[in-house]
Amino acid sequence: MKDAHTVAVEFKRVTKSFGTKCILNDVSFLIEQGQALCLLGRSGTGKSVTLKLIMALMHPDSGEVWVDRDNVVGMRERSLSLVRKKLGYLFQDAALFDSLTLYENLALPLSRLTNKSKGEIDDVTHRVLTDVGLGADGAKYPSALSGGMKKRAGLARALVLEPKILLADEPSSGLDRITASEIDELLMRRKADHGTALIIVTHDVHGTRRIADRVAVLDKGHLVAFGSVEEVSQSDNDVARRLITE
Amino acid sequence: MRWLTRLVEFVGKVGLFTLRVLVDSVKRPFELAQLSRQLAEVGNKSLALIVVSGFALGAVMTLHTRSTLVTFGATAMIPAVQAVSFFVEIGPLVAGLLLAGRVGSGIGAVLANMRASEQIDAIESLSIDSFKFLVVPRVLACVIALPFLTLFMDFAGLLGGFLSEGLSSHIAPALYLNRAFDYLQWSNFIAPTLKTTVFGLIIGSVSSYFGYTTDKGAQGVGEAATNSVVVSSLLIIVADVLLIKCIFFLFPDTAI
Chain A
1 MKDAHTVAVE
11 FKRVTKSFGT
21 KCILNDVSFL
31 IEQGQALCLL
41 GRSGTGKSVT
51 LKLIMALMHP
61 DSGEVWVDRD
71 NVVGMRERSL
81 SLVRKKLGYL
91 FQDAALFDSL
101 TLYENLALPL
111 SRLTNKSKGE
121 IDDVTHRVLT
131 DVGLGADGAK
141 YPSALSGGMK
151 KRAGLARALV
161 LEPKILLADE
171 PSSGLDRITA
181 SEIDELLMRR
191 KADHGTALII
201 VTHDVHGTRR
211 IADRVAVLDK
221 GHLVAFGSVE
231 EVSQSDNDVA
241 RRLITE
Chain B
1001 MRWLTRLVEF
1011 VGKVGLFTLR
1021 VLVDSVKRPF
1031 ELAQLSRQLA
1041 EVGNKSLALI
1051 VVSGFALGAV
1061 MTLHTRSTLV
1071 TFGATAMIPA
1081 VQAVSFFVEI
1091 GPLVAGLLLA
1101 GRVGSGIGAV
1111 LANMRASEQI
1121 DAIESLSIDS
1131 FKFLVVPRVL
1141 ACVIALPFLT
1151 LFMDFAGLLG
1161 GFLSEGLSSH
1171 IAPALYLNRA
1181 FDYLQWSNFI
1191 APTLKTTVFG
1201 LIIGSVSSYF
1211 GYTTDKGAQG
1221 VGEAATNSVV
1231 VSSLLIIVAD
1241 VLLIKCIFFL
1251 FPDTAI
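Top to bottom, those sequences are chains A and B.
Its first residue numbered 1, the first sequence is counted upward by one per residue in the working numbering.
Its first residue numbered 1001, the second sequence is counted upward by one per residue in the working numbering.
So that you can see chain A by itself, here it is in the shape it has in the complex (with noise of 0.2 Å):
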């Protein structure tokens, strides 16, 4: 058992299903503050839903998801405001509000749920901005940004409220492979200098292997596999080596 200062999210036999069909069943594991998690998994096996059952965009059939401190399962809608405050979220297509601009997207959130003055939300979002190299983009609109510039406008705004666990959903997909590196190394860099805890969901065996502390891996609802790159890569079952190794 884990101290529970250290634990990021945890997951206690969750089970989730849609109808008839289930995404997740009876799925534990644990992350710990500063780690980095990827999951794995063939297209449509619950990782994005996995996502969003931390985020409490979903809740679960069944079983407990720890963020930090609180199980978000059945939270009144103010106590998962705070909990949402220590999470960020980069979405599979960015998510940015269409209708704002860049610096918009990211002085929402520090307007809404901060106290700071209108000179600090200025200079925290031009700093995050400059941070993932769009500082002279805040201008635009996200209908102006190429596929990498948006992927890096969301992670942006899931940094600026400087959250402890970020979600990452595919951060590398439809990307080039030297852009999908540098939003690799802008995540890296983010788990060093702030200790902030990544889960990861991605296709990108190459990614993986750079920034997984644990690598989790889901097939038909289950979690078959879960460790470090190496002991995934020996796992007894066939798809997580594949999924770690081709």
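Read the hints as simulated data drawn from the structure, not as lab findings.
Some hints could be false.
Mimicking DSS-like on lysine-lysine, the simulated pairs with C-alpha atoms at most 27 Å apart in a straight line are [as the list claims (entries may be wrong)]:
id: 1; chain 1: A; residue 1: 116; chain 2: B; residue 2: 1132
id: 2; chain 1: B; residue 1: 1216; chain 2: A; residue 2: 52
id: 3; chain 1: B; residue 1: 1132; chain 2: B; residue 2: 1013
id: 4; chain 1: A; residue 1: 164; chain 2: A; residue 2: 86
id: 5; chain 1: A; residue 1: 116; chain 2: A; residue 2: 140
id: 6; chain 1: A; residue 1: 140; chain 2: A; residue 2: 118
id: 7; chain 1: A; residue 1: 164; chain 2: A; residue 2: 12
id: 8; chain 1: A; residue 1: 21; chain 2: A; residue 2: 220
id: 9; chain 1: A; residue 1: 140; chain 2: A; residue 2: 85
id: 10; chain 1: B; residue 1: 1216; chain 2: A; residue 2: 21
id: 11; chain 1: B; residue 1: 1045; chain 2: A; residue 2: 140
id: 12; chain 1: B; residue 1: 1216; chain 2: A; residue 2: 220
id: 13; chain 1: B; residue 1: 1027; chain 2: A; residue 2: 85
id: 14; chain 1: A; residue 1: 164; chain 2: A; residue 2: 118
id: 15; chain 1: A; residue 1: 191; chain 2: A; residue 2: 12
id: 16; chain 1: A; residue 1: 164; chain 2: A; residue 2: 116
id: 17; chain 1: A; residue 1: 118; chain 2: A; residue 2: 85
id: 18; chain 1: A; residue 1: 52; chain 2: A; residue 2: 191
id: 19; chain 1: A; residue 1: 191; chain 2: A; residue 2: 164
id: 20; chain 1: A; residue 1: 21; chain 2: B; residue 2: 1013
id: 21; chain 1: B; residue 1: 1027; chain 2: B; residue 2: 1013
id: 22; chain 1: A; residue 1: 12; chain 2: A; residue 2: 52
id: 23; chain 1: A; residue 1: 21; chain 2: A; residue 2: 52
id: 24; chain 1: B; residue 1: 1013; chain 2: A; residue 2: 52
id: 25; chain 1: B; residue 1: 1027; chain 2: A; residue 2: 118
id: 26; chain 1: A; residue 1: 85; chain 2: A; residue 2: 164
id: 27; chain 1: A; residue 1: 52; chain 2: B; residue 2: 1132
id: 28; chain 1: A; residue 1: 191; chain 2: A; residue 2: 86
id: 29; chain 1: A; residue 1: 220; chain 2: A; residue 2: 52
id: 30; chain 1: A; residue 1: 86; chain 2: B; residue 2: 1132
id: 31; chain 1: B; residue 1: 1045; chain 2: B; residue 2: 1132
id: 32; chain 1: A; residue 1: 118; chain 2: B; residue 2: 1132
id: 33; chain 1: B; residue 1: 1013; chain 2: B; residue 2: 1216
id: 34; chain 1: B; residue 1: 1013; chain 2: B; residue 2: 1245
id: 35; chain 1: A; residue 1: 116; chain 2: B; residue 2: 1027
id: 36; chain 1: B; residue 1: 1132; chain 2: A; residue 2: 85
id: 37; chain 1: A; residue 1: 116; chain 2: A; residue 2: 191
id: 38; chain 1: A; residue 1: 12; chain 2: A; residue 2: 220
id: 39; chain 1: B; residue 1: 1132; chain 2: B; residue 2: 1216
Knowing the structure of chain A, use the given hints to seat chain B on it.
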């Protein structure tokens, strides 16, 4: 019977959705910045469509009315017919239907696209109530903007009618206005204009419902836009019948 069950289910869901809008609209935080943005989107950007349509409709109506009234030697009644028909029925109804087309489809498509592209999830992940942030301001903007747009349509229709009549009979503007408002009472003007708040509520709620609740990805965007226009337009026409009965009940003088 299955279609009846689905219809009742749909009416119930839209009704609860609208009730939630009304309850949330009086709860803090008030999304005033969003409301202002949506008022610009719904009001300002619809103004040209409303004014041009009203003007053209007014001109066409006068042409048709004149050809009929000439037969009875009652062309002096043209301004009054124009004013009464526009202020009492045509202005509110056509403004409502035009807004259902322009704004309803827009609200449905935008919210469905936000759902499909996970923008609504992103808002929730930032601890912002997406319903209050996205839906309530849009519905309120429709409710507030439509009566004003209706007034623009009414006066644009009157102007179109005046220009059309002026070209035929060279009537003076003052005389035209005098005749136009001679038969119009305040109750003819206020109640029909205010009933458009109900049309606004229908457009905002129905369109937001289709957009916000879709779960069909990109395919849902087109469906939400189409359904928003069709159902809003239909409900506006049905509501109009009921509201006219209410207006006649509350203002018996307006019932001729």
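Against the structure, test the hints numbered earlier, and report the numbers of the ones violated in rising order.
none
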